[in-house]
Amino acid sequence: MRFDHSFIHFLCIELQQLVGTRIDKIHQPAKDELVLHLRSREGNFRLLICVNQARMRAGLITTQPENPPQPTMFCMLLRKHLTGAKITAITKPPHERMLRFELAGTNEIGLPTQFSLLAEFTGRHANIIVLREDGTILEAIRRVDFSQSTRAILPGLPYEMPPNNTTQPSELIPPNIGDCESYSHFLAQHFAQADQTQRQKQRMAELLKLCETRAARAKRRAETQARDLAVAENREHLRVAAELILANQHRLQRGATSYELENYYDENRPLTIAADPALSPAQNAQRYYKKFNKAKRAAQLLSGLITQAQAEAEYLDSVLDLLQRAETLIDVETLRAELEQQGYIKTKPAKTSAKRPKALPPIEYRTSNGLRVAAGRNNTQNDHLTFKLARGQDLWLHVKDYPGSHVILFTEGQQPSERCITQAAEIAAWHSKARGRATVSFTPVKAVKKFPGAAPGQVMINSYQTLLAVPTQESIALLFLQKK
775 MRFDHSFIHF LCIELQQLVG TRIDKIHQPA KDELVLHLRS REGNFRLLIC
825 VNQARMRAGL ITTQPENPPQ PTMFCMLLRK HLTGAKITAI TKPPHERMLR
875 FELAGTNEIG LPTQFSLLAE FTGRHANIIV LREDGTILEA IRRVDFSQST
925 RAILPGLPYE MPPNNTTQPS ELIPPNIGDC ESYSHFLAQH FAQADQTQRQ
975 KQRMAELLKL CETRAARAKR RAETQARDLA VAENREHLRV AAELILANQH
1025 RLQRGATSYE LENYYDENRP LTIAADPALS PAQNAQRYYK KFNKAKRAAQ
1075 LLSGLITQAQ AEAEYLDSVL DLLQRAETLI DVETLRAELE QQGYIKTKPA
1125 KTSAKRPKAL PPIEYRTSNG LRVAAGRNNT QNDHLTFKLA RGQDLWLHVK
1175 DYPGSHVILF TEGQQPSERC ITQAAEIAAW HSKARGRATV SFTPVKAVKK
1225 FPGAAPGQVM INSYQTLLAV PTQESIALLF LQKK
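Count the sequence shown with the numbering used here and you get residues 775 to 1258, in order.
No wet-lab data here; the hints were simulated from the structure. The C-beta atom is built at its ideal place from N, Cα and C for all residues, glycine as well. A portion of the hints provided could be inaccurate.
[Said to hold, decoys possible] Okay, derived cross-link-like pairs now, DSS-like style, lysine-lysine, Cα gap no bigger than 27 Å in a straight line:
no., residue 1, residue 2
1, 1120, 975
2, 1132, 1162
3, 854, 805
4, 1162, 1174
5, 983, 1162
6, 1223, 1207
7, 1162, 1224
8, 866, 799
9, 983, 805
10, 993, 1068
11, 1132, 1120
12, 1162, 1207
13, 1068, 1132
14, 1174, 1132
15, 1223, 993
[To be verified] The calculated label-pair distances, taken between Cβ atoms and stated as ranges, are:
no., residue 1, residue 2, range
16, 979, 1071, 18 to 24 Å
17, 948, 836, 21 to 27 Å
18, 1188, 826, 51 to 57 Å
Let the hints inform the model, and build the full structure from the sequences given.
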């Protein structure tokens, strides 16, 4: 479908119904999309303007794209200046791929003023630009400086029309939109899948960056704490120094910067111990005892902190793996909800919970002899699958040394054959970061435990067996088809 100037011409005619409406809300679901919520006595509308090169368009929509937690600077500026403004005209300059919305609003001190909202659908140079009454640029969704183009688009500069390369006006032929009731409806249907895919990528990119940053931070923290622990564990010399000073304090004097003593812990070899000249020998000894006890307490504390940091890094690595294997926007949003529950994302639950789609069920397969196998889509579901849906005699499988899904082989009271276990192990290896040849651990579900304070998906197993699984896309697809 070509979103050319002919299509835009007829779309502009359709959008005339918006003249007289007022801008009630402004959202920016993605970096190159804008949604204007419009109200009037006749009804409310949502106008989408998208300048993404692969999905350029404008039109009315009935759905509400989910918005990022924090609005962009561009969105906040538009809210400040355009909220409450009235659309007085919608035009299309001749032979140009753009729409121009004339707006009547007020300035910072409440006086009437005019704004223009321009949507330029010019390929990779597409843009959304807001003009002041005097024709200068207030802001643009994409700033362009003189190093990028001879036509700069920056706040404060006078607006210039895009270069017009059309030598001959083309014939205006109404686009064929089939059975669709309107051009907006046609565009919404045509780009529905592309919109979902693009938003999934953008939402996934946000979460991937978050998890990568926090996982790297947790790993660095664990490494730093491990070095501190090594220092704290090497504390015995502090106790020795304290005891040697106390044992020899009768012949030591205040004011010395060091003590030369025989170390009876080391065959009376001479040992030089640093001292504070402002302290007495007894006080120096107490100082070494305090350092020793402090190191001892630090060692006890650091051991727990290292375990916590390593567990956090492992959890975030598991979310990264699940995000990279997510197949739908619902999978991505479910993982986002999990991160919210774990406190990694600040949100307003009361406002967003109603909009969040219901999580998809676990991914199911059937072994060659008909036993059911299920793989979790996220860590919360992994826990539910292992501790709620599975029974003690069922088999729990997980790839070894990699993040991955919990996989359950439902034995139905039978002793699963070696082939069944191998097929379930292939599923576990496939639904993991390895995504192929890997060692898989397996054990009865009753041997899987949840330790206190564990993040979703984190478990411990007392005993297990392993086998090498070598899944292929064809073998996994066959097991998936057998589920029916």
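Hint check against the structure, violated hint numbers in rising order: 5, 13, 14, 16
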